[in-house]
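Chains A and B, in that order, are what the protein sequence lines are.
Residues 1 to 177 (this note's numbering) make up the first sequence, in order.
Residues 178 to 425 (this note's numbering) make up the second sequence, in order.
I should point out that these hints are in silico values taken from the structure, not numbers from a laboratory.
Note that the structure is predicted; figures quoted are calculated from it, not measured.
Treat the hints loosely; a few may be bogus.
[Claimed, not checked] Under 10 Å between C-beta atoms, here's a sample of chain B residues computed to sit facing chain A:
hint, residue
1, L187
2, V402
3, R411
For glycine and all other residues, C-beta sits at the position ideal for the given N, C-alpha and C.
One letter stands for each residue in the lines below.
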Amino acid sequence: MQTRVMLVPLTYLAAAAPVHAAVYLTVAQAQTLMFPGATLTPDFRQLSAEQRQAVEQDSGVHSSANELQVWRASDGGWFILDQVIGKHSPIRYAVALDAQGALRQIEILEYSESYGGEVRLPAWRKQFVGKRRADRVELDQNIRNISGATLSCGHLTQGVRRLLSIHALVLAADANG
Amino acid sequence: MPTVERARPLLGTVVAIRVEGCSPIRAHRVIDAAFADVALIQRLMSFQDADSELSRLNRQAAYRLLSVHPHTFAVLRWSLAIAAASCGSFDVSAAHRACGAIGDWRDIALLGPRAVRFRRPLLVDLSGIAKGYAVDLAIAGLRAHGVRRALVNAGGDLRVLGPDAERIALRSHGQSTQLAMLELANGALATSDTHSGVTVSVMARRCLVADALTKVVMADHRAAVRVLRGFGARALRHQSGGGWQELR
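Isolated chain A, as found in the complex (with noise of 0.2 Å):
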C-alpha cells in the first residue's frame, strides 16, 4: 500500500463539496451489453393518469413522470431506462427485463454526486487557484473518486419496484392483449 495525504486548507468556503460525476454506459453500450446479439425495437409510450395511479398503488413509490423509455428486445425482453434522484441529483439507470418480466439485469448509466455544501464545481474549483501549485493538488479534472460515509441506493431500488409494476400492469398486459 502506498498512500499520500494532502490537505488542503479552505479559506473561503464554510464547506467543501467535491464533485463526482461518472457516464459509464451510454444508452446502446447498456442495450449491447444487456441483450447481446438481440434487435432492439423503441417502444415509449405514456402512462395514462388512470395506469400511474395503479402503478403508484402496486409498487407503493410515487412517481410523477408518464414518459416510458422502453424498448422491446427480439427475445421477448424488456429495456427500460429511467432516472432517479440520489442523494442530490440525478441517477440514469437501465434495466433489463426477460420475457417473463423477471429481473435480470441493472445497469447505472450516469451518476454523479456532490456533498455537503452542495457548491458547484466551478465555484468550488476556484477557490483553490491561488493554492494549486503550492499544494500540488491538480483540480483540473473532475474528480473521479470521493470517499465518505456510505450512500443509499434505496431511491433506485424504488425505481426498480416501479419499473417491475410498470411491466405487469402496462407493457405484459399490452402485449398480451
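Place chain B on chain A using the hints.
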C-alpha cells in the same frame, strides 16, 4: 486501451468497478464476474434479507452447529481477529444487542473449516465489514483474470489495484476547514461518519480491514492507534467545523 467503468446498485449502495488496460469485451466480462462476486456476498451476508446465510445463523446457530459458505466463514474469522485486536471495540454482535441478545463476539465459535456455533443467542450484523470483504473479493477476481489496474468502489469503501496512484477526495460530515485528498496505490480506503459530526477514513492494504477499523477509530481514536499500527493501517479523523487530523 480504453477505461471501462460500470456501476450497479449492490450492498445497499452504488458499487462502481473500473478496469484499465483491457479490451472492452474482456473488460466487460471481468467486470460482470466481479459484480457477481459482490452480489454473492450480498446474498450470503445481508442482515435484512431473511433468506441470507447470515440470517440463518442468527436464527439457528445458538441451537446447533451450522456449516457456512467459505466467504461467510472468512468474514467471521476476520471479524473475530479484529474484535480481539481491538479488545471488542469492533464487535459484529453489538449493533443489535439491545434486541434482547445478551452475548458478544466471544460467543461466536468457529469450529472446523466451515462450522459456526453461537454459545449464546446473538444477532450478528456484518455490515461493518462485509462491504470491505466484497471489494477485496472483486479485486482478487480481477487480478486473477490478469487485470493489472482497477478500482472497485462500494459507495466510498474502495480499493485500488496496481501501482499507479489514484486520487481520492474525502468527504467529511459537517463543515470543514480543509479539503482532504489522498493518493492511494495498491491499497484500500474506507470512510464512516456519525451524527455527532465525526468522520473517520482508514487506509489499509485490504478494504475489509479499512472498513472494520473505521469503527475502531470511531469508538476510541486514542486507543485505536495501537490497533491501526498492528494492521499496518493509517487513519484520518475529522470533527465537524474543524480540519482533518492523522492519528499517530
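Results of checking the hints against the structure:
1. L187: 8 Å, holds
2. V402: Hint on V402/B: violated, closest Cβ of chain A at ~16 Å, above 10 Å.
3. R411: 6 Å, holds
When held up to the earlier numbered hints, the structure conflicts with hint 2 and nothing else.
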